[in-house]
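Visitor: Sequence:
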Amino acid sequence: MAAAPAASLGSYVISMAGSASDVLAVQLLLKESGLQRPMRVVPLFETLADLDNAGPVIETLLGLPGYRSRLHGPQEVMIGYSDSAKDAGTTAAAWAQYRAQEKLVEICHEQHVELLLFHGRGGTVGRGGGPAHAAILSQPPGSVAGRFRTTEQGEMIRFKFGLPDIAEQNLNLYLAAVLEATLLPPPPPQLAWRTMMDQLASDGVSAYRAVVREHPEFVEYFRQATPEQELGRLPLGSRPAKRREGGVESLRAIPWIFAWTQTRLMLPAWLGWEAALGKALERGEGEVLAQMREQWPFFRTRIDMLEMVLAKADTDIARLYDERLVPAELQHLGAHLRDLLSQACTVVLGLTGQTQLLAHSPETLEFISLRNTYLDPLHLLQAELLSRSRSREASLDSPLELALLVSVAGIAAGLRNTG
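With the numbering used here applied, the sequence shown covers 360 to 778.
Just so you know, the hints here were simulated from the structure itself, not pulled from any lab data. By construction, the Cβ of each residue, glycine as well, lies at the ideal position given by its N, Cα and C atoms. Among the clues, some could well be false.
Unchecked claim - Restraint-style ranges between C-beta atoms, simulated for each label pair:
id, residue 1, residue 2, range
1, P424, H719, 33 to 43 Å
2, L543, P433, 19 to 29 Å
3, T554, E752, 35 to 45 Å
4, R659, G393, 30 to 40 Å
5, Y733, L522, 33 to 43 Å
6, E641, H719, 23 to 33 Å
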């Protein structure tokens with residue numbers, strides 16, 4: 360690293376950062392390696408607990424004279440969307456990400472240090488994906504100060520930047536959103552809205568973890584109902600599907616979400632919202648939710664993305680995978696999850712006042728319907744291929760495995776916002 364040309368290295372990102380010592384340890388490593396030039400060391404806060412602790416960690420670092428003297432340029436912090444959502448569900452994760460950014464903006468302003476937030480977004484809603492323009496405008500006030508850094512997934516680069524005209528259009532969207540968020544930042548949320556989000560996050564994480572972490576049959580059901588086992592051995596992606604052996608917590612966020620997307624249950628993107636919003640409506644707080652959706656870009660974007668995911672989900676396709684792949688003794692869990700999906704659709708319709716998801720956007724509905732014409736046969740083929748693959752040993756270059764790989768790629772391309 361010390362011998363590498365300066366222009367070849369950007370920042371040193373610390374995955375799963377949780378304390379000031381994580382950053383200081385890397386700085387010591389760089390020093391001992393003989394690196395003479397300054398290099399940005401960027402903590403990546405990923406889990407719910409680490410996001411909640413991001414502000415105190417940066418405050419501790421900026422309070423150290425030795426650290427401040429080595430800080431050349433802005434204090435860069437990376438916000439993790441994938442693992443926080445896998446850890447706690449998108450309801451609690453989205454609110455934790457928002458509050459972490461607010462706190463970081465406040466601390467860096469007090470310390471007279473420029474802040475650069477690096478958003479580790481994916482292609483799916485469960486990993487912070489969605490329209491870039493809306494995502495940027497939904498950030499906390501002051502967090503987009505003339506600059507915005509984000510990841511763009513490999514499979515999305517082809518769609519967004521593969522052709523010159525499309526690339527120019529997408530760069531214009533980024534530029535316009537950054538300028539608008541900088542010059543006309545959204546007002547801070549009202550206290551009543553913050554209280555509501557605290558409650559939604561609490562209800563959402565409880566409902567999410569009750570299924571994903573606490574249900575004794577969930578892990579086995581997940582492995583049987585989705586292509587999770589196959590994704591680990593197919594030549595897909597640039598990293599292993601798992602960090603180590605174990606349950607859902609050992610899976611990387613990409614295969615976790617990718618597997619559910621293939622079956623059209625889309626579980627990581629909506630699980631928790633059905634309980635959180637449902638309880639709020641039962642408490643008679645629908646008017647507050649409607650006000651938040653109308654006046655608060657953060658909440659409006661969350662609901663819009665949720666509605667889009669629910670419109671792409673398909674209980675009939677998910678049931679097909681269950682009937683073809685899941686043992687009879689586990690199929691009750693699939694029925695329960697499909698019921699929760701129906702509840703999520705109902706509460707979103709109740710909140711938006713529509714009779715059909717995306718009724719306000721007939722172009723998007725037509726787009727989804729057109730793609731379903733090609734996706735439905737792919738799902739039928741994939742479920743059959745998975746069943747055959749699991750009933751026999753097949754090499755990776757066998758026609759069966761190659762056909763399965765094509766079905767995975769086809770479904771991902773058809774749904775677009777994957778990865």
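Visitor: It remains to establish, for every hint, whether it holds in the given structure.
Guide: Each hint tested on the structure:
For P424 and H719, the Cβ-Cβ distance of about 55 Å falls outside the hinted range of 33 to 43 Å, so the restraint is violated. Between L543 and P433 the beta carbons are some 22 Å apart, a value that agrees with the proposed interval 19 to 29 Å. Under the hint 35 to 45 Å, the C-beta atoms of T554 and E752, about 56 Å apart, miss the expected range. In this structure the hint that R659 and G393 lie 30 to 40 Å apart at CB is violated, the actual value being about 50 Å.
Checking the proposed 33 to 43 Å range against Y733 and L522 shows it is violated: the Cβ atoms sit about 21 Å from each other. In this structure the hint that E641 and H719 lie 23 to 33 Å apart at CB holds, the actual value being about 25 Å.
Of the numbered hints given earlier, the model fails hints 1, 3, 4, 5; all others are met.
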